[in-house]
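Turn these sequences into a full structure, and let the hints guide you.
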Amino acid sequence: MKKAYAFTGPSNSGKTTLICKISEYLQSLNLKVAIIKHDPKDKAIFDINTKDSYKFYSTGASVAVISPKRTTFFHNESLEFDEILKRFDADIILVEGLKTLPLPRLCVFCKEVDESYLEFSDAIATYSKKDYKITHFNLDDIKAISEFIITNAKEI
54 MKKAYAFTGP
64 SNSGKTTLIC
74 KISEYLQSLN
84 LKVAIIKHDP
94 KDKAIFDINT
104 KDSYKFYSTG
114 ASVAVISPKR
124 TTFFHNESLE
134 FDEILKRFDA
144 DIILVEGLKT
154 LPLPRLCVFC
164 KEVDESYLEF
174 SDAIATYSKK
184 DYKITHFNLD
194 DIKAISEFII
204 TNAKEI
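Reading the sequence shown from the start, the letters are residues 54 to 209 in our numbering.
Each hint should be verified, as a subset may be incorrect.
[Said to hold, decoys possible] Below, computed lysine-lysine pairings styled on DSSO-like, alpha-carbon distance capped at 30 Å:
#, residue 1, residue 2
1, 152, 122
2, 196, 74
3, 207, 196
4, 108, 196
5, 152, 56
6, 74, 207
7, 139, 207
8, 108, 164
9, 186, 56
10, 55, 139
11, 152, 74
12, 183, 207
13, 55, 85
14, 183, 164
15, 182, 152
16, 152, 108
17, 182, 164
18, 196, 56
19, 207, 186
20, 122, 55
21, 108, 56
22, 207, 182
23, 139, 74
24, 152, 196
25, 85, 139
26, 152, 186
27, 85, 152
28, 183, 152
29, 182, 196
30, 139, 56
31, 85, 122
32, 207, 55
33, 56, 164
Calculated from the structure, these hints are not laboratory results. A quick note: this is a predicted structure, and the numbers were derived from the prediction, not measured.
Written out as C-alpha cells, the structure is:
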C-alpha cells in the first residue's frame, strides 16, 4: 500500500529543505520513500548539487520531476501522476507542488506566511507563533511533522 502527502508554499519557503529532512527521517524508520517534484515552467536542471532534484536524490529517495514536456527519471515524454506512481516501489511518496492533486497538503514557510495558501492545506510548518486555526508545526520539528504525514497521508 502506497501513501502520498504533498507540500506547498512559495519559492524559497523551505519546501525542499523540509522534504529532504522528512525523507531522511522516514527512511530511518525503514520506509521506502519517493519524491515527486513539479516543474511547471520546464526549467529544471539536473545533477547539480544546488538543485532540488539532486538534493532529493541525495537523501536516498527515488525521484521524479514532472514538467509539461517531460518526466525526468529520465523519460522523454510527460507522464500523468498516476502513471508515475505505478513506477515507484515506495511506502510513502512526498510531492512538492502539483496543487491540483487531491492530496493532503502541508504548507511551508521559513519566513513570512502567505495565508492565501492555507485554504488548500491541512497543516502548516513555520517559525511563526501566530495561531492560524490549522494544525501548526515548528519547521524544525521533523519527528512531529513526519509522524503527522505518516498518519494523514492518502492511500493511493
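Do the hints match the structure? See the list:
The suggested pairing of residue 152 with residue 122 holds, with an alpha-carbon distance near 18 Å, which does not exceed 30 Å. For the hint pairing residue 196 with residue 74, the CA-to-CA distance comes to about 10 Å; that is within 30 Å, so the pair holds. Only pairs whose Cα atoms come within 30 Å are accepted, and residue 207 paired with residue 196 is accepted, the gap being roughly 19 Å. Using a Cα cut-off of 30 Å, the hinted pair residue 108 and residue 196 holds, with the two alpha carbons roughly 20 Å apart.
Between residue 152 and residue 56 the CA atoms are separated by roughly 17 Å; this keeps the pair inside 30 Å, and the hint holds. A distance of roughly 20 Å separates the Cα atoms of residue 74 and residue 207; the hinted pair therefore holds under the 30 Å criterion. For the proposed pair residue 139 and residue 207, the alpha carbon gap of about 15 Å is at most 30 Å, so the pair holds. Restraint check: the Cα-Cα separation between residue 108 and residue 164 comes to about 21 Å, which is no more than 30 Å; the hinted pair holds.
The suggested pairing of residue 186 with residue 56 holds, with an alpha-carbon distance near 26 Å, which does not exceed 30 Å. For the proposed pair residue 55 and residue 139, the alpha carbon gap of about 10 Å is at most 30 Å, so the pair holds. Taking the CA atoms of residue 152 and residue 74, the gap is near 21 Å; set against the 30 Å cutoff, the hint holds. A threshold of 30 Å between alpha carbons decides the hint, and for residue 183 with residue 207 the separation of about 28 Å falls inside it, so the pair holds.
For the hint linking residue 55 to residue 85, the alpha-carbon distance of about 10 Å falls within 30 Å, and the restraint holds. Between residue 183 and residue 164 the alpha-carbon distance is near 13 Å, which keeps this suggested pair within the 30 Å criterion. This hinted pair checks out: residue 182 and residue 152 have alpha carbons roughly 26 Å apart, not beyond 30 Å. For the proposed pair residue 152 and residue 108, the alpha carbon gap of about 21 Å is at most 30 Å, so the pair holds.
Between residue 182 and residue 164 the CA atoms are separated by roughly 12 Å; this keeps the pair inside 30 Å, and the hint holds. The straight-line distance between the Cα atoms of residue 196 and residue 56 is roughly 18 Å, inside the 30 Å bound, and the hint therefore holds. Using a Cα cut-off of 30 Å, the hinted pair residue 207 and residue 186 holds, with the two alpha carbons roughly 22 Å apart. Proximity of residue 122 to residue 55 is assessed by CA-CA distance (about 26 Å); at most 30 Å being required, the pair is judged to hold.
A distance of roughly 22 Å separates the Cα atoms of residue 108 and residue 56; the hinted pair therefore holds under the 30 Å criterion. A C-alpha spacing of about 28 Å is found between residue 207 and residue 182, which places the hinted pair at or below 30 Å, so the restraint holds. Straight-line distance between C-alpha atoms of residue 139 and residue 74 comes to about 24 Å, which keeps the hinted pair within the 30 Å bound. With a CA separation close to 24 Å, the supplied pair residue 152 and residue 196 stays within the 30 Å bound.
In summary, the hint linking residue 85 to residue 139 is supported, as the alpha carbons are separated by about 14 Å, within the 30 Å threshold. For a cut-off of 30 Å, the pair hint linking residue 152 to residue 186 stands: about 21 Å separates their Cα positions. Taken as a hint, the residue 85 and residue 152 pair is honoured in the structure, with Cα atoms around 24 Å apart against an allowance of 30 Å. The suggested pairing of residue 183 with residue 152 holds, with an alpha-carbon distance near 24 Å, which does not exceed 30 Å.
For the given pair, residue 182 sits about 19 Å from residue 196 by alpha-carbon distance, which is consistent with the 30 Å threshold. Straight-line distance between C-alpha atoms of residue 139 and residue 56 comes to about 12 Å, which keeps the hinted pair within the 30 Å bound. Proposed proximity of residue 85 and residue 122 is supported: the alpha carbons are some 28 Å apart, at most 30 Å. For the proposed pair residue 207 and residue 55, the alpha carbon gap of about 8 Å is at most 30 Å, so the pair holds.
For the given pair, residue 56 sits about 29 Å from residue 164 by alpha-carbon distance, which is consistent with the 30 Å threshold.
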